[in-house]
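Peer 1: Spelled out from the first residue to the last, the chains are:
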Amino acid sequence: MVYAFDYDWIAQYWPVLLKGTAITVELTLVGGVLGVALGVACAWARAYGPTWLQGIVAAYVELIRNTPFLIQLFFIFFGLPALGVRMGELEAANLAMVVNLGAYSCEIVRAGLQATPRGQFEAGASLGMSRLQTFWYVVLIPSLQRIWPALSSQIVIVMLGSAAVSQIAAEDLTFAANFIQSRSFRAFESYFVATLIYLLLAILLRQLLRGIGWTLFPKRAAL
Amino acid sequence: MNDFTTWDIVRNLLLAARWTIVLSLVSFMGGGIVAGILLFLRIGSSRAGRIFVQGYVELFQGTPLLMQLFLAFFGLGLFGVNVPAWLAAGLALILWSAAFLTEIWRGCVESIVRGQWEASSSLGMGYVQQMRHVILPQALRIAVPPTVGFSVQVVKGTALTSIIGFVELSKAGTIVTNATFQPFTVYGLVALIYFCLCWPLSKSSQILERKLNVAHRNH
Numbered sequence: 001m002v003y004a005f006d007y008d009w010i011a012q013y014w015p016v017l018l019k020g021t022a023i024t025v026e027l028t029l030v031g032g033v034l035g036v037a038l039g040v041a042c043a044w045a046r047a048y049g050p051t052w053l054q055g056i057v058a059a060y061v062e063l064i065r066n067t068p069f070l071i072q073l074f075f076i077f078f079g080l081p082a083l084g085v086r087m088g089e090l091e092a093a094n095l096a097m098v099v100n101l102g103a104y105s106c107e108i109v110r111a112g113l114q115a116t117p118r119g120q121f122e123a124g125a126s127l128g129m130s131r132l133q134t135f136w137y138v139v140l141i142p143s144l145q146r147i148w149p150a151l152s153s154q155i156v157i158v159m160l161g162s163a164a165v166s167q168i169a170a171e172d173l174t175f176a177a178n179f180i181q182s183r184s185f186r187a188f189e190s191y192f193v194a195t196l197i198y199l200l201l202a203i204l205l206r207q208l209l210r211g212i213g214w215t216l217f218p219k220r221a222a223l
Numbered sequence: 001m002n003d004f005t006t007w008d009i010v011r012n013l014l015l016a017a018r019w020t021i022v023l024s025l026v027s028f029m030g031g032g033i034v035a036g037i038l039l040f041l042r043i044g045s046s047r048a049g050r051i052f053v054q055g056y057v058e059l060f061q062g063t064p065l066l067m068q069l070f071l072a073f074f075g076l077g078l079f080g081v082n083v084p085a086w087l088a089a090g091l092a093l094i095l096w097s098a099a100f101l102t103e104i105w106r107g108c109v110e111s112i113v114r115g116q117w118e119a120s121s122s123l124g125m126g127y128v129q130q131m132r133h134v135i136l137p138q139a140l141r142i143a144v145p146p147t148v149g150f151s152v153q154v155v156k157g158t159a160l161t162s163i164i165g166f167v168e169l170s171k172a173g174t175i176v177t178n179a180t181f182q183p184f185t186v187y188g189l190v191a192l193i194y195f196c197l198c199w200p201l202s203k204s205s206q207i208l209e210r211k212l213n214v215a216h217r218n219h
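Sequence lines, in order, name chains C and B.
Taking full-length UniProt numbering, the leading residue of the first sequence gets 1, the next gets one more, and so forth.
Taking full-length UniProt numbering, the leading residue of the second sequence gets 1, the next gets one more, and so forth.
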């Protein structure tokens, strides 16, 4: 018997897919922005912070980078309520993504900070800039530019990893695919369509990040 | 209701961790073999081969591993065979690892300076000889740290196979949680076991990188 593919159901279920896609996009945007911000803060703490803070950040980074995202998600959603921290599935999903991307981007940003020559600080200070100004304009922005490609691919990886949040019933694109296959019994087709949407999202996100790179760092293209 | 001691929990998790290790090894080695073949197509002279591998890599790096697992699970089912979860899990992880390893290794081969190719070809070496005696020995050295680093991704990737029903460490964590109602302890322990598997790999990748100091050797 040859299996007959059937995609007629898409007409019926496209609002479900659209809603799932919107949630995946929302998770990626929030996770991406806050995750990178957390990563920059952690990179600063690891490079220039007090020693005790460096230790904490190092432990956080190692812990997150060496455990699966799915387990981090389960720990936050199922484990933390034991400590009295309760949250909805979307908050838990967002939190897990921020915490996850924070650890990875910390390492990426730190690599960029380390590549800044020592003299840059002195140059900044000699121009009368405050420590914060020097860090922001002289150290951080050129570092971010240097590591932007690595950071971009990490953000795409986190977006793809967000498929796992369907496991705590956050209604993302994968959840939509699960829902559709349970209704239509067209498992292969619904996951296939969802996969194509993910592929499209990944391509668009990569272009978007490249565009952001160009706007954020316009003048230093030759660096 | 039964009472579970912490030892009961740990013992069951450790038993399940065996399957995480087996699946990681199979996926990593299988992925390595497939990646080796893809690498030769990618850097070879055939245009069709290059485009095929580029498309393959784009497809597997641009879609979630979870979706690949679902498609393998339900896709194999379309052939009318009853697919066990381990088969779908192994297949999807092998193909997924192969995409990443191909890209990593391609970077390593391409980082060998052009002059090495020219020098060896001026010695009258053919393509296979160049590869075997000049390019690969150098590229392999560069490839070791990122390859070991990627093995961490493979171990973490196996956690997703719990979703299609393969009973490994993550699935065991869920099962044990459902029996003990202690999610905090159980998922904490699961995370700890993953950490014990992954951290030595991450660390050795870092150490190898420093030891081989490959980034600055040719400049």
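Check before you lean on any hint, since a few could be wrong.
Output of the computed footprint for chain C on chain B, the stretches with three or more beta carbons under 8 Å from beta carbons of chain C [to be verified]:
1. 63 to 75
2. 134 to 140
3. 159 to 166
4. 189 to 195
Please keep in mind that the hints were generated in silico from the structure rather than gathered at the bench.
All residues carry an ideal CB built from backbone N, CA and C; glycine is no exception.
Peer 1: Take the hints in turn and mark each one as holding or not.
Peer 2: Hints versus structure:
1. Coverage of the stretch 63 to 75 of chain B by chain C holds [criterion: at least 3 residues with CB-CB distance below 8 Å; count 10].
2. For the stretch 134 to 140 of chain B, the proposed coverage by chain C is not satisfied: 0 residues have a C-beta within less than 8 Å of a C-beta in that chain, short of the threshold of three.
3. Counting residues of the stretch 159 to 166 of chain B whose C-beta sits closer than 8 Å to any C-beta of chain C gives 4, which meets the bar of three, so the coverage hint holds.
4. With 4 residues bearing a CB less than 8 Å from a CB of chain C, the stretch 189 to 195 of chain B meets the requirement of three and the coverage assertion stands.
Consistency note: the structure conflicts with earlier hint 2 alone.
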